[in-house]
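Note that the protein sequences, when read in sequence, are chains A and B.
Per my numbering, the very first residue in the first sequence carries number 31; after that it's consecutive.
Per my numbering, the very first residue in the second sequence carries number 66; after that it's consecutive.
Note that these hints are calculated values from the structure, not bench results.
Note that CB positions come from ideal geometry on N, CA and C, so glycine has one too.
There's no promise every hint is true.
Chain B side only, calculated, beta carbon under 7 Å to chain A, not exhaustive [stated by the list, open to error]:
(1) Gly147
(2) Asp148
(3) Met150
(4) Lys151
(5) Arg241
(6) Ala244
(7) Cys248
(8) Gly249
(9) His252
(10) Glu253
(11) Arg256
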Amino acid sequence: MIMRANWRAALIAILAVTGMVWLIGGRTDPSSIRLRSAPAGLTVNDGATLFAAAGCANCHTDRPHGGALLAGGRALVTSFGTFYTPNISSDRDFGIGRWTDIDFIRALRRGVGPTGKDYYPSFPYPAFTQMTDDDILAIKRYIFSLPPQRRADRAPVMHFPYRIRAGIKLWKIIYLREGPIEPDPDKTKEWNRGAYLVRAVAHCGECHTPRDLLGGVETNRRFAGANMAVDGVKAPDITPDPKAIGRWSVDDLASYLDDGLTPSGDIAGGAMAEVIRGTSALSNEDRLAIAVFIKAQAPIPPAPMQKMSQGG
Amino acid sequence: MMRSVAGEKAGDDWWPRPACGRIDLHHEVEGNLALKIGVCLTRSIVCLILIGLIVSGWSEPCAAEDGLAATKHRQTVMDRLGDDMKAIKRYVTGQADQAAALSAAQDLDETASLVPSLFPKGSDSAKWPGKSAAKPEIWDNPDDFQQLLQALSAGTADLRKSVGTGEATNVQSSMRALAKNACGACHENYRGRRDGE
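Same shape as in the complex, but just chain A (with noise of 0.2 Å):
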């Protein structure tokens, strides 16, 4: 609590920091966004599988509630408040249906709202920038041909100083290097496949990253879990060291993503499970290249285990 403390006070001094950030002209240009290229002939059912591997609706469904579809509402707790998820449906006033195509791409690759509000990082816009343009517009054809959802956002609940919304400019200029992702030439077209499913679709390390305190994923400590992501649970180390999934195969976690079924004979619940419906509604080449890239990275032993504050 003290370290805690600590922080808070230099997240005030950097908040002030940010206002003068923010009076010498930090504010993204809502208008300079260019489509870098005339979308490509993506169709409504590209657009349905790359939004069920990047869990559109997982977040963006209040599902524990029996929600509509898209209709927002979910609550997500984190250790920077409680945030409500917003209704992202087709709907023209409840939802998006107003967004234009360079909305809603400013939206994913810079985190910002058509009327210019900058949204807090749980919407994962560090791992969506890096998509490209097309999948982008894929996924927004695919929502926009769901039906609309008659519902109204509620405001998030964030401790102090978390919700002097200014911070957030701050906080773009630490963390987010605007996409999309540049493939490694040195590496497998299987591997950069997968790093772009990873890291932009998929947004692994939204979860099993640990984060610092200012909400900035730990770059150095990438995939080896984190002992509180959201609502209180322990999302697990997923770097090939042994004590995580080094004694699993790659196909092994090609599997797990289609099924759910551990090597142990677990099979998967909670969020994983959500995600794993997702993931499996991806090819086997997809899941294979994701496989392929996680058990390519760097082994990480996690961190030891902290006490959780629920069950989970």
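With chain A fixed as given, assemble chain B onto it according to the hints.
Here is chain B on its own, set in the frame of chain A:
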């Protein structure tokens, strides 16, 4: 003392007979009213203590211990289901023969029939944090849970049949259906984590 003497003279009528005993102490300790009162008071107190204990839920620790035992039993059964699934998966990936898979599939089907009896009240994670992974929501949504139990029994029967045909692709699709529609669907909403997970 004066009152006792007066009571003795007035007979037993003024003093109600103890309701909690069958033996008539009035005769056993006749003539010694102080002792009589003492015994009756003791019995009354014991009676009150017992009633108090029952009312305040003295029986709870017993039920609670049952909850923990049920939790451990459930975990043993679930581990066995996992071992069976693992054995069948080895068959799918060509690391085990059909006979081994068939015996695992039979065991899986039979063991799965125990599952509906494995969730007595009081074996949930709210009561046993860190020990039980069964979320209290199970008991809040009995209809949904029943459906999942039915999916489990249908799924294990189907898998057993598929392993019997000896077609690896059949086995794979049955296994996938079971894992998703029964195991995964239930774990998604109703299984939390224990310590060390």
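Original post:
Would the hint on Arg256(B) stand, with a C-beta cut-off of 7 Å toward chain A?
Top reply: Where the cut-off is 7 Å and the nearest Cβ of chain A is about 4 Å from Arg256(B), the hint holds.
Subject >> Supplied contact hint for Glu253(B), tested at 7 Å Cβ to chain A >> reply: Where the cut-off is 7 Å and the nearest Cβ of chain A is about 3 Å from Glu253(B), the hint holds.
Original post:
Hey, does the Met150(B) contact hint survive, CB to chain A under 7 Å?
Top reply: holds (5 Å)
Original post:
Any CB of chain A closer than 7 Å to the CB of Ala244(B)?
Top reply: This interface hint holds because 4 Å falls under the 7 Å limit.
Original post:
Once the shortest beta carbon distance from Gly147(B) to chain A is found, is it less than 7 Å?
Top reply: Cβ of Gly147(B) sits 3 Å from chain A, so the hint holds.
Original post:
Is the hint on Cys248(B) kept, meaning its closest Cβ partner in chain A is under 7 Å away?
Top reply: Holds. Min distance 4 Å.
Subject >> Hint validity - His252(B) Cβ closer than 7 Å to any chain A Cβ >> reply: holds (3 Å)
**OP:** Using Cβ atoms only, decide whether Lys151(B) comes closer than 7 Å to chain A, and label the hint accordingly.
**Re:** holds (4 Å)
**OP:** With chain A as the partner, please determine if Gly249(B) meets the hint condition of a C-beta pair closer than 7 Å.
**Re:** Given a least distance of 5 Å, the restraint on Gly249(B) holds.
Subject >> When the least beta-carbon distance from Asp148(B) to chain A is tested against 7 Å, hint result >> reply: holds (5 Å)
**OP:** Grab the minimum C-beta distance from Arg241(B) to chain A and call the hint holds if it beats 7 Å, violated otherwise.
**Re:** Hint on Arg241(B): holds, closest Cβ of chain A at ~5 Å, below 7 Å.
Against the hints set out earlier in the document, no violation occurs for any number.
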